[in-house]
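Visitor: Sequence:
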Amino acid sequence: MSLVIATATTREMKAVLTGFNGRGRVGCALPGPGEACPSPVNGRNCLLLVTGVGPVNAALSLGRVLGAHRGVRGVLNLGVAGTFDVLRAPLGSAVLASAEVWPEYGLAGDDGVDPQGIAFPQAEGPAGPVWDRIDLAPEVLFGQWHLAMPPAARSGVALTVAGVSGTPARARAMYRRHAPLMENMEGFSLALACLRHNLPFAEARTMSNIVGSRAAEDWALEGALDALGALARELFLTD
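Position one of the sequence shown corresponds to residue 1 (UniProt numbering), numbered consecutively onward.
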């Protein structure tokens, strides 16, 4: 049985693996976009998956892995993300997703997007139809795989978008409607795939930028990648 460790980019995967052993390699060559390779991590059987950027790449890549590997028991999504609230989740800090939201699904009108406006839910979950939100229970995955809950990580709603919020007005609109703590580009797709396959899913990311700002001073990607490695190490170094 294997745990899928999924990142969007090879650079994020290298940061994760560097956190594990300082060398950026664990049992196999570094996967490229759309590639996966088996690798042991602290005695656990894992599949390292680089999905590619965005919700479509994420869905395609994880779908291919789940079709090819019948022994997958769960998916852990690691990476960087933007923060909506620098007081609760400052740059470099870690956030554990309590839910995933896709704000772009539904009927788009002048007042925003109504997820039920086209009357087609994306899936049926344990609590009923899934429209634009999947509530997560990361402790299920952590318990099954004996992962450590990151002690300093905040918990909050994650927003998955195909087009990142590039203006303060867009960021404010997303925050008013969904009250998210972080913005990413893959999490909802991965969470939906896991829901459909009845697999536990968890997502943990470190904050690389302030959502809605393109100013250089509001970005700290290198620091977020270093923090991502430290986060990965915390998760897997258990008694």
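Honestly, the hints are just simulated from the structure, not real lab data.
Quick reminder that beta carbons are idealized off the backbone N, C-alpha and C, glycines included.
There could be a bad hint or two in this list.
The following label-pair restraints were derived from C-beta to C-beta distances [said to hold, decoys possible]:
hint: 1; residue 1: T10; residue 2: W219; range: 39 to 45 Å
hint: 2; residue 1: G67; residue 2: T167; range: 37 to 43 Å
hint: 3; residue 1: A137; residue 2: A169; range: 31 to 37 Å
hint: 4; residue 1: L30; residue 2: E222; range: 16 to 22 Å
hint: 5; residue 1: Q144; residue 2: P38; range: 17 to 23 Å
hint: 6; residue 1: R177; residue 2: C37; range: 22 to 28 Å
Visitor: If a hint holds in the structure, say so; if it does not, say that too.
Guide: We went through each hint and held it up to the structure:
no.: 1; hint: T10 with W219: 39 to 45 Å; in the structure: 20 Å, violated
no.: 2; hint: G67 with T167: 37 to 43 Å; in the structure: 39 Å, holds
no.: 3; hint: A137 with A169: 31 to 37 Å; in the structure: 34 Å, holds
no.: 4; hint: L30 with E222: 16 to 22 Å; in the structure: 18 Å, holds
no.: 5; hint: Q144 with P38: 17 to 23 Å; in the structure: 18 Å, holds
no.: 6; hint: R177 with C37: 22 to 28 Å; in the structure: 39 Å, violated
Comparing the model with each earlier hint shows violations of hints 1 and 6; every other hint is respected.
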